[in-house]
Amino acid sequence: MGQAVAIIGTGQTECGKRTDVSYPELIYEAVGRAFEDSGLSPEDIEAVVSGSMPPAMEGVANPHLYWVDAMGAAGKPLIRTATCGSTGMSLAHTGFYHVASGLFDLVLVVGAEKMYEGDPQGTMATVAEPFFQRPFLAGAPGIFSLQSNEWAHRYGLEEERVRMAAAQLSVRNHTDAFLNPYAHIKVKITVEDVVKSRVIAYPVRILDVCPGSDGACAMIMASERMVKKLGVKPAWIRGVGYSGEEAFFGEGDKVVWQSAILAAKRAYKQAGITNPRNELDVAEVYNPFTFQEMLFYECFGFCDFGHGCELVENGVVMKGGDLPCDPSGGTLCTNPIGATGLQRTAEAALQVTNKAGDHQIPGANTGLAHAMGGLDQFNGVMIISNSL
Amino acid sequence: MIMGAVMSEESRILEGYVSLPYKWSMGATTTRFFEEFKNKRIMGTKCKKCNRVLLPARKFCSHCFEETDQWVEVSQEGKLRTWVTVNFSYEGQPKEPPYVLGIIDLDGADVGLPHFVGGIPTDDFDEIAKKVRIGGRVKAVWNENRTGNILDIDYFKPVD
Ligand SMILES: [Zn+2]
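Chain order of the listed sequences is L and D. Start counting the first sequence at 28; every next residue gets the next number (my numbering). Start counting the second sequence at 59; every next residue gets the next number (my numbering).
Derived from the structure by calculation, the hints contain no laboratory data. Since the structure is predicted, the reported quantities are computational estimates derived from the model, not experimental observations. It is possible that part of the hints are untrue.
[Unchecked claim] In silico DSSO-like pairs for lysine-lysine, Cα to Cα no more than 30 Å straight-line:
#1 LYS96(D) to LYS106(D)
#2 LYS107(D) to LYS81(D)
#3 LYS223(L) to LYS153(D)
#4 LYS256(L) to LYS382(L)
#5 LYS96(D) to LYS81(D)
#6 LYS292(L) to LYS107(D)
#7 LYS189(D) to LYS98(D)
#8 LYS223(L) to LYS189(D)
#9 LYS346(L) to LYS215(L)
#10 LYS107(D) to LYS153(D)
#11 LYS153(D) to LYS44(L)
#12 LYS188(D) to LYS223(L)
#13 LYS117(D) to LYS104(D)
#14 LYS137(D) to LYS98(D)
#15 LYS117(D) to LYS107(D)
[As the list claims (entries may be wrong)] Stretches of chain D that chain L covers, calculated by requiring three or more beta carbons in the stretch to come under 8 Å of a beta carbon on chain L:
#16 69-82
#17 129-143
#18 168-178
#19 183-197
[Stated by the list, open to error] Here are some chain L residues pointing at chain D (derived, C-beta under 8 Å):
#20 THR46
#21 GLN148
#22 GLY149
#23 ALA152
#24 VAL154
#25 GLN160
#26 PRO162
#27 GLY169
#28 ASN176
#29 ALA228
#30 TYR229
#31 GLU273
#32 PHE276
#33 ASP349
Just so you know, even glycine gets a beta-carbon here, dropped at the ideal spot from N, CA and C.
With the rest of the complex left out, here is chain L (with noise of 0.2 Å):
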């Protein structure tokens, strides 16, 4: 690897309805908390990386370039990396890559979503191409329900033990979303509430869905040379997995999965990490579905195949556990698609160097960040630690 990176700031907007700013003001608003977190300027920065969903979200194309003053990126070089789901962790390690390379000392990368502006699920569905794929992998609940009952008649899972282990998750991360400020949806729920919920895509119901948001998150990335001359004390990059997967949904298995699998595998390696389970602190897991996230237990080796459900039964992802889970209340209460995984990779960030405030895990050191996009067909993971 080239040089050593780290997060020396980040800045998240609240999320929700935002009717109440144009798409760059919400991008101004994070960007500006990042300048504030960091207490650098827009000139300190060399470049600047942005992304988000497919133009369709906003139904405007290529929309770098409109964001262009809110990122303070006149001048500098600007790239838009887009990968759907995982775009905010794609964002975060093109801003990796750049500040890696020795090229660049201070990167400003930026996510964001206005999902409240156009059809998301009408967006995904132009993800598929149009001539096999598009009038049946259209949008995002009916592609994870596939996989989460794949998942659970694979492993022989009972569909109410399943069904009550996704209801415990709900139920943790909209208790956590409270203590948030940043988190969309905020209502009290039981897991009786969930079980109970609207039907969306069989077996999954509307509890089990994440909402789409409109929000933004922005964070500013350095070298190590520039933490030493900054005299900082920040979150540092310790290793950085993606992977991505062949272009027709049913090629690939989906239950062991193989981009989920070698993303963790890349990031554990670089960082050194050969038991994730006892040397993670924390882990924002991108949970936009409550089945997938203990699916993503198991790739990741927090558990054996098959054993997902234990870990929420046993408490272990719980607060208070051995590996707590999304403490922010995660994808599933917040999804503005394209900062999500950015936003996952800031609250890993604000976790190890202890400013997550009320939902701060007490002495984390080392987290995970995850987001996943594409057809069910990209998986990003980072590694980010409070030492080097």
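Once you have looked at the hints, place chain D with the ligand on chain L.
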């Protein structure tokens, strides 16, 4: 300090629509694949290197990067790998929810095909779950009028 979520000032909404026509080239392989549909044949192409039968028929192998020009007919029947009942609406949806989607592993193919599962009642989730099961056998049901596209297959029907 930059303030967020302050809704004190009015912010109006501009409404609009983006609707664009496209002309998508299929290429010769996909064209033949859909021509075969008119005769109720489902064709894959076999990779000489990894021996997988790819479905839909492709010009090249997704794993080996080799050209795949050996055409093989696959079965009209197969196993249901997984399924879901869609019960939400979106712009451009192919039919009114609720409906059932599945990934079908046709006999003789090494790639699962996403398609509708039909010929079953779709108004009761528990009834659907009784009729449709992972690992169950399904068979292609063709439309009478076939024009050479993926919807020439109306749906896959559970047969056991
Ligand atoms: Zn091959």
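Okay, the hints, checked on the actual structure:
no.: 1; hint: LYS96(D) to LYS106(D); in the structure: holds, 27 Å
no.: 2; hint: LYS107(D) to LYS81(D); in the structure: violated, 34 Å
no.: 3; hint: LYS223(L) to LYS153(D); in the structure: holds, 26 Å
no.: 4; hint: LYS256(L) to LYS382(L); in the structure: holds, 22 Å
no.: 5; hint: LYS96(D) to LYS81(D); in the structure: holds, 21 Å
no.: 6; hint: LYS292(L) to LYS107(D); in the structure: holds, 28 Å
no.: 7; hint: LYS189(D) to LYS98(D); in the structure: holds, 25 Å
no.: 8; hint: LYS223(L) to LYS189(D); in the structure: holds, 22 Å
no.: 9; hint: LYS346(L) to LYS215(L); in the structure: holds, 17 Å
no.: 10; hint: LYS107(D) to LYS153(D); in the structure: violated, 40 Å
no.: 11; hint: LYS153(D) to LYS44(L); in the structure: holds, 29 Å
no.: 12; hint: LYS188(D) to LYS223(L); in the structure: holds, 20 Å
no.: 13; hint: LYS117(D) to LYS104(D); in the structure: holds, 10 Å
no.: 14; hint: LYS137(D) to LYS98(D); in the structure: holds, 19 Å
no.: 15; hint: LYS117(D) to LYS107(D); in the structure: holds, 14 Å
no.: 16; hint: 69-82; in the structure: holds (count 6)
no.: 17; hint: 129-143; in the structure: holds (count 5)
no.: 18; hint: 168-178; in the structure: holds (count 6)
no.: 19; hint: 183-197; in the structure: holds (count 5)
no.: 20; hint: THR46; in the structure: holds, 6 Å
no.: 21; hint: GLN148; in the structure: holds, 3 Å
no.: 22; hint: GLY149; in the structure: holds, 3 Å
no.: 23; hint: ALA152; in the structure: holds, 5 Å
no.: 24; hint: VAL154; in the structure: violated, 12 Å
no.: 25; hint: GLN160; in the structure: holds, 6 Å
no.: 26; hint: PRO162; in the structure: holds, 4 Å
no.: 27; hint: GLY169; in the structure: holds, 5 Å
no.: 28; hint: ASN176; in the structure: holds, 5 Å
no.: 29; hint: ALA228; in the structure: holds, 5 Å
no.: 30; hint: TYR229; in the structure: holds, 4 Å
no.: 31; hint: GLU273; in the structure: holds, 5 Å
no.: 32; hint: PHE276; in the structure: holds, 6 Å
no.: 33; hint: ASP349; in the structure: violated, 31 Å
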